[in-house]
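Trainee: Residue numbers (my numbering), protein chains in the order written: chain A, 2 to 446; chain B, 2 to 446.
What the hints contain is simulated information worked out from the structure, not anything from laboratory work.
Just so we're clear, the structure is a prediction, and the values are computed from it rather than from any experiment.
Hints may be right or wrong, so weigh each one.
Any copy, or any two copies together, can satisfy a pair, since identical chains are not distinguished.
Unchecked claim - Each computed DSS-like pair below joins lysine-lysine, with the alpha-carbon atoms no more than 30 Å apart:
#  : residue 1 : residue 2
1  : K116      : K445
2  : K231      : K445
3  : K32       : K302
4  : K105      : K32
5  : K302      : K14
6  : K427      : K302
7  : K105      : K69
8  : K231      : K105
9  : K247      : K195
10 : K374      : K116
11 : K109      : K444
12 : K427      : K231
13 : K69       : K375
14 : K231      : K14
15 : K374      : K427
16 : K195      : K231
17 : K14       : K247
Protein chains: 2
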Amino acid sequence: MGFKESEEQLLSKVATNGGHGENSSYFDGWKAHDRDPYHPTQNPEGVIQMGLAENLLGHDLIEEWIRKNPAASICTEEGISQFRAVANFQDYHGLPFFRQGVAKLMEKVRGGRVKFDPDRIVMSGGATGAQETLAFCLADPGDAFLIPVPYYPAFDRDFCWRTRARLLPIHCHSSNNFNITSSALEAAYLNAQKSNITVKGVLITNPSNPLGTTMDERTIRSLLSFANDKRIHLICDEIFSGTVFKPPHFISLSEIVESDPECHRDLVHVVYSLSKDLGLPGFRVGVIYSYNDEVVACARKMSSFGLVSSQTQHMLECMLADEEFTSNYLVENSRRLMERHGMFTDGLRRVGIRCLEGNGGLFCWMDLRSLLKKETLEGELELWRVIVNEVKLNVSPGSSFHCAEPGWFRVCFANMDDATTERALKRIRLFVNGETEEVEEKKKK
Amino acid sequence: MGFKESEEQLLSKVATNGGHGENSSYFDGWKAHDRDPYHPTQNPEGVIQMGLAENLLGHDLIEEWIRKNPAASICTEEGISQFRAVANFQDYHGLPFFRQGVAKLMEKVRGGRVKFDPDRIVMSGGATGAQETLAFCLADPGDAFLIPVPYYPAFDRDFCWRTRARLLPIHCHSSNNFNITSSALEAAYLNAQKSNITVKGVLITNPSNPLGTTMDERTIRSLLSFANDKRIHLICDEIFSGTVFKPPHFISLSEIVESDPECHRDLVHVVYSLSKDLGLPGFRVGVIYSYNDEVVACARKMSSFGLVSSQTQHMLECMLADEEFTSNYLVENSRRLMERHGMFTDGLRRVGIRCLEGNGGLFCWMDLRSLLKKETLEGELELWRVIVNEVKLNVSPGSSFHCAEPGWFRVCFANMDDATTERALKRIRLFVNGETEEVEEKKKK
Numbered sequence: 002m003g004f005k006e007s008e009e010q011l012l013s014k015v016a017t018n019g020g021h022g023e024n025s026s027y028f029d030g031w032k033a034h035d036r037d038p039y040h041p042t043q044n045p046e047g048v049i050q051m052g053l054a055e056n057l058l059g060h061d062l063i064e065e066w067i068r069k070n071p072a073a074s075i076c077t078e079e080g081i082s083q084f085r086a087v088a089n090f091q092d093y094h095g096l097p098f099f100r101q102g103v104a105k106l107m108e109k110v111r112g113g114r115v116k117f118d119p120d121r122i123v124m125s126g127g128a129t130g131a132q133e134t135l136a137f138c139l140a141d142p143g144d145a146f147l148i149p150v151p152y153y154p155a156f157d158r159d160f161c162w163r164t165r166a167r168l169l170p171i172h173c174h175s176s177n178n179f180n181i182t183s184s185a186l187e188a189a190y191l192n193a194q195k196s197n198i199t200v201k202g203v204l205i206t207n208p209s210n211p212l213g214t215t216m217d218e219r220t221i222r223s224l225l226s227f228a229n230d231k232r233i234h235l236i237c238d239e240i241f242s243g244t245v246f247k248p249p250h251f252i253s254l255s256e257i258v259e260s261d262p263e264c265h266r267d268l269v270h271v272v273y274s275l276s277k278d279l280g281l282p283g284f285r286v287g288v289i290y291s292y293n294d295e296v297v298a299c300a301r302k303m304s305s306f307g308l309v310s311s312q313t314q315h316m317l318e319c320m321l322a323d324e325e326f327t328s329n330y331l332v333e334n335s336r337r338l339m340e341r342h343g344m345f346t347d348g349l350r351r352v353g354i355r356c357l358e359g360n361g362g363l364f365c366w367m368d369l370r371s372l373l374k375k376e377t378l379e380g381e382l383e384l385w386r387v388i389v390n391e392v393k394l395n396v397s398p399g400s401s402f403h404c405a406e407p408g409w410f411r412v413c414f415a416n417m418d419d420a421t422t423e424r425a426l427k428r429i430r431l432f433v434n435g436e437t438e439e440v441e442e443k444k445k446k
Numbered sequence: 002m003g004f005k006e007s008e009e010q011l012l013s014k015v016a017t018n019g020g021h022g023e024n025s026s027y028f029d030g031w032k033a034h035d036r037d038p039y040h041p042t043q044n045p046e047g048v049i050q051m052g053l054a055e056n057l058l059g060h061d062l063i064e065e066w067i068r069k070n071p072a073a074s075i076c077t078e079e080g081i082s083q084f085r086a087v088a089n090f091q092d093y094h095g096l097p098f099f100r101q102g103v104a105k106l107m108e109k110v111r112g113g114r115v116k117f118d119p120d121r122i123v124m125s126g127g128a129t130g131a132q133e134t135l136a137f138c139l140a141d142p143g144d145a146f147l148i149p150v151p152y153y154p155a156f157d158r159d160f161c162w163r164t165r166a167r168l169l170p171i172h173c174h175s176s177n178n179f180n181i182t183s184s185a186l187e188a189a190y191l192n193a194q195k196s197n198i199t200v201k202g203v204l205i206t207n208p209s210n211p212l213g214t215t216m217d218e219r220t221i222r223s224l225l226s227f228a229n230d231k232r233i234h235l236i237c238d239e240i241f242s243g244t245v246f247k248p249p250h251f252i253s254l255s256e257i258v259e260s261d262p263e264c265h266r267d268l269v270h271v272v273y274s275l276s277k278d279l280g281l282p283g284f285r286v287g288v289i290y291s292y293n294d295e296v297v298a299c300a301r302k303m304s305s306f307g308l309v310s311s312q313t314q315h316m317l318e319c320m321l322a323d324e325e326f327t328s329n330y331l332v333e334n335s336r337r338l339m340e341r342h343g344m345f346t347d348g349l350r351r352v353g354i355r356c357l358e359g360n361g362g363l364f365c366w367m368d369l370r371s372l373l374k375k376e377t378l379e380g381e382l383e384l385w386r387v388i389v390n391e392v393k394l395n396v397s398p399g400s401s402f403h404c405a406e407p408g409w410f411r412v413c414f415a416n417m418d419d420a421t422t423e424r425a426l427k428r429i430r431l432f433v434n435g436e437t438e439e440v441e442e443k444k445k446k
């Protein structure tokens with residue numbers, strides 16, 4: 002109403018500086034899908050969503066558990082006696098059995114090789130909330146975290162937007178499968194020092210999003226020792242830890258910490274979530290597992306801003322307490338992911354497309370460098386627009402993950418059924434052969 | 002381990018500056034209760050919790066609705082077909098029917114005198130999350146909001162802690178029942194200007210927490226016109242709007258806005274929640290209703306940090322769509338609150354204690370000035386310690402609400418059953434008569 006000229010002043014800088022990062026091809030692809038979403042019968046020519054790292058493959062197992070355990074819900078005759086206590090529960094420590102259940106699940110995902118103390122588990126609104134909470138606990142405005150590129154696009158929102166912290170790249174390259182080298186790490190740190198930026202930590206994802214690979218022990222040890230030497234934090238996002246579907250097996254930062262008596266635990270923080278491993282993103286369960294007592298205490302206070310609904314905590318505490326179920330679920334979930342990953346990468350291989358060799362995550366890091374007209378960022382986005390608008394697949398270009406080498410794309414494979422996966426593969430095949438579904442349909446006719 | 006000397010540097014200033022405000026008698030009282038909680042049979046001498054503004058009086062109505070509507074839950078045979086869609090839903094716009102239901106409830110609470118557009122409803126993690134989100138949208142670090150004292154203690158956490166904004170007092174006095182006067186408002190604004198502090202808005206609660214009173218139309222109009230004149234925001238926290246139990250009826254800021262074509266709507270923001278009116282704080286449903294398009298867009302992006310669990314959204318969208326239920330609930334909830342308020346204030350009156358005349362909220366603003374040994378803050382805290390530790394009631398001293406006049410206490414009456422209320426009244430009566438339960442018990446024996 003007539004204030005446009007002073008809008009900048011009327012709202013905060015955070016609200017007006019674009020730091021949310023929504024203007025990225027990562028999110029643009031989602032919008033393209035939202036405008037014209039694929040449906041097998043109602044919109045078979047629509048865009049297939051391969052930009053969402055979601056896991057639908059184990060939903061039937063969870064449904065089956067729910068059917069067998071009506072008392073887990075406060076909305077059933079069997080469970081409603083808990084309604085009053087649950088509806089009223091708003092303690093930022095979380096329901097004790099809920100935290101115990103999450104700790105137990107984390108142990109199980111790590112093959113029982115490490116224990117987690119429920120009292121170190123801090124709830125937050127999804128991993129999104131967990132990441133931001135950690136950033137608020139550790140960094141002042143202007144402070145930085147080093148992060149290997151490529152990295153998850155929304156980390157800019159989570160780590161920087163409202164906290165005013167920053168992320169500085171550790172450069173990784175396809176020549177060594179995007180591994181983090183000591184020299185790249187040192188170079189990133191030195192660069193920050195030269196620019197007078199205080200580095201407060203290193204942020205990694207393991208399994209990597211977007212690479213779909215797990216980190217080897219040597220690399221984790223070297224990151225931990227780097228953090229120790231510099232007296233900076235090491236944050237490891239392990240939200241895909243339960244999606245590892247083939248060797249080498251997943252090694253948690255926690256295992257390395259436990260095995261290293263010299264390590265400064267005060268510097269170590271792990272982020273976990275039930276969104277990926279259990280396929281429950283709507284339930285908004287993220288947790289911080291910090292080895293630093295003060296961070297635990299402070300993050301717990303911050304969890305007031307994003308507590309998990311007590312209805313959901315209660316349901317999940319019952320489910321996670323059923324260890325037979327969770328054990329079976331994790332095995333079956335891995336098996337199904339391996340099968341889907343195999344089917345998808347085989348299909349790609351048959352048309353000459355290779356991916357970085359992956360063993361976890363809900364996506365492949367697909368190498369389309371041979372399809373680029375120009376080996377530039379612009380060339381990559383040009384190819385991406387063709388894939389989204391003509392091939393009708395929403396994949397995410399490497400540049401949206403801050404990847405410096407053009408031609409890599411993250412493509413998700415666990416948020417759809419087999420038929421849709423086949424359809425996506427068919428579209429890719431036709432595209433590589435210079436055709437489209439429309440052309441093929443016409444030929445058939 | 003062993004970094005104590007540099008802890009300040011290791012963590013952020015936010016983490017170490019005590020801005021959460023936990024070291025307040027408000028929270029200390031909770032801890033006293035937690036250490037020794039009253040239970041009618043297991044711990045009849047324990048501390049009765051009268052420091053929590055919770056509403057348990059309508060829980061049986063909600064339970065009854067849940068029993069009759071199993072399809073509202075994704076955990077029942079009748080509702081599990083929705084499980085997959087709901088478990089996966091993480092759109093920060095929220096489930097469309099959920100937002101519609103909240104808008105409809107807000108209309109109903111305002112007697113249908115004003116309409117709410119579901120597209121202006123932004124979800125957040127409780128009112129706590131909503132307040133912080135608004136502060137992030139409107140204020141840069143150092144900027145201030147003016148707020149009438151006494152005010153809700155946790156506003157310091159919500160509005161200032163991580164945003165680095167500040168709250169500056171508008172001084173209100175018992176001599177005119179703590180009403181907000183134009184001169185106090187102007188004085189607060191001038192004070193800020195003198196200190197070179199940018200004022201970004203005025204923050205009010207209606208019904209007032211802690212006063213338990215509703216704001217009259219003239220005051221709301223004058224606040225709105227003040228905000229308009231100064232081109233600053235007006236935030237109205239109306240989370241207790243459905244608890245008004247006797248005349249004068251509740252007048253929403255929205256009604257005034259709708260009736261005033263001159264008003265700059267871009268400056269107006271309302272906070273609502275289901276925690277108080279429906280007694281569901283565990284479900285973490287807070288909303289922002291902003292008349293400013295940019296704030297709606299920005300706050301919605303921020304809701305990633307505190308989305309409501311989709312399980313809970315789904316259950317509530319079903320419940321709120323049942324308008325016969327919500328209408329009956331609101332009437333019955335008011336009736337029960339009136340009854341409880343009457344029982345409690347009558348009991349106090351019989352022992353010579355009066356409260357500020359209230360008509361809403363889940364608490365009374367109790368005048369214990371005559372019981373102070375010294376008319377100072379220290380005198381108030383001395384009395385408070387006696388009440389908590391000897392009378393065994395956790396009430397909240399006015400000073401924890403930043404009240405400048407010693408001797409006022411907020412006492413909650415809707416988070417307990419009738420028997421506990423009677424017990425609390427008995428303890429107060431004995432205390433005023435210079436006795437304790439123990440002494441009385443001994444006399445009896």
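Trainee: None of the hints should be skipped; say for each whether it holds.
Mentor: Verification of the supplied hints:
1. K116 / K445: neither (59 Å within a copy, 55 Å between copies)
2. K231 / K445: Cα proximity of K231 and K445: none, with 65 Å in one copy and 70 Å across.
3. K32 / K302: between (35 Å within a copy, 15 Å between copies)
4. K105 / K32: between (38 Å within a copy, 29 Å between copies)
5. K302 / K14: both (25 Å within a copy, 15 Å between copies)
6. K427 / K302: Neither: 50 Å inside a chain and 35 Å across chains, both beyond 30 Å.
7. K105 / K69: within (21 Å within a copy, 36 Å between copies)
8. K231 / K105: Neither: 32 Å inside a chain and 55 Å across chains, both beyond 30 Å.
9. K247 / K195: neither (42 Å within a copy, 66 Å between copies)
10. K374 / K116: Close neither inside one copy (51 Å) nor across copies (55 Å); limit 30 Å.
11. K109 / K444: neither (53 Å within a copy, 60 Å between copies)
12. K427 / K231: Neither way: K427 and K231 sit 50 Å apart in one copy and 62 Å across, limit 30 Å.
13. K69 / K375: neither (56 Å within a copy, 63 Å between copies)
14. K231 / K14: between (32 Å within a copy, 20 Å between copies)
15. K374 / K427: This pair counts as within: shortest intra-copy Cα distance 22 Å, inter-copy 84 Å.
16. K195 / K231: Only inside one copy: K195 and K231 sit 15 Å apart there, 44 Å across copies, limit 30 Å.
17. K14 / K247: Neither way: K14 and K247 sit 46 Å apart in one copy and 43 Å across, limit 30 Å.
Of the numbered hints listed earlier, those contradicted by the structure are 1, 2, 6, 8, 9, 10, 11, 12, 13, 17.
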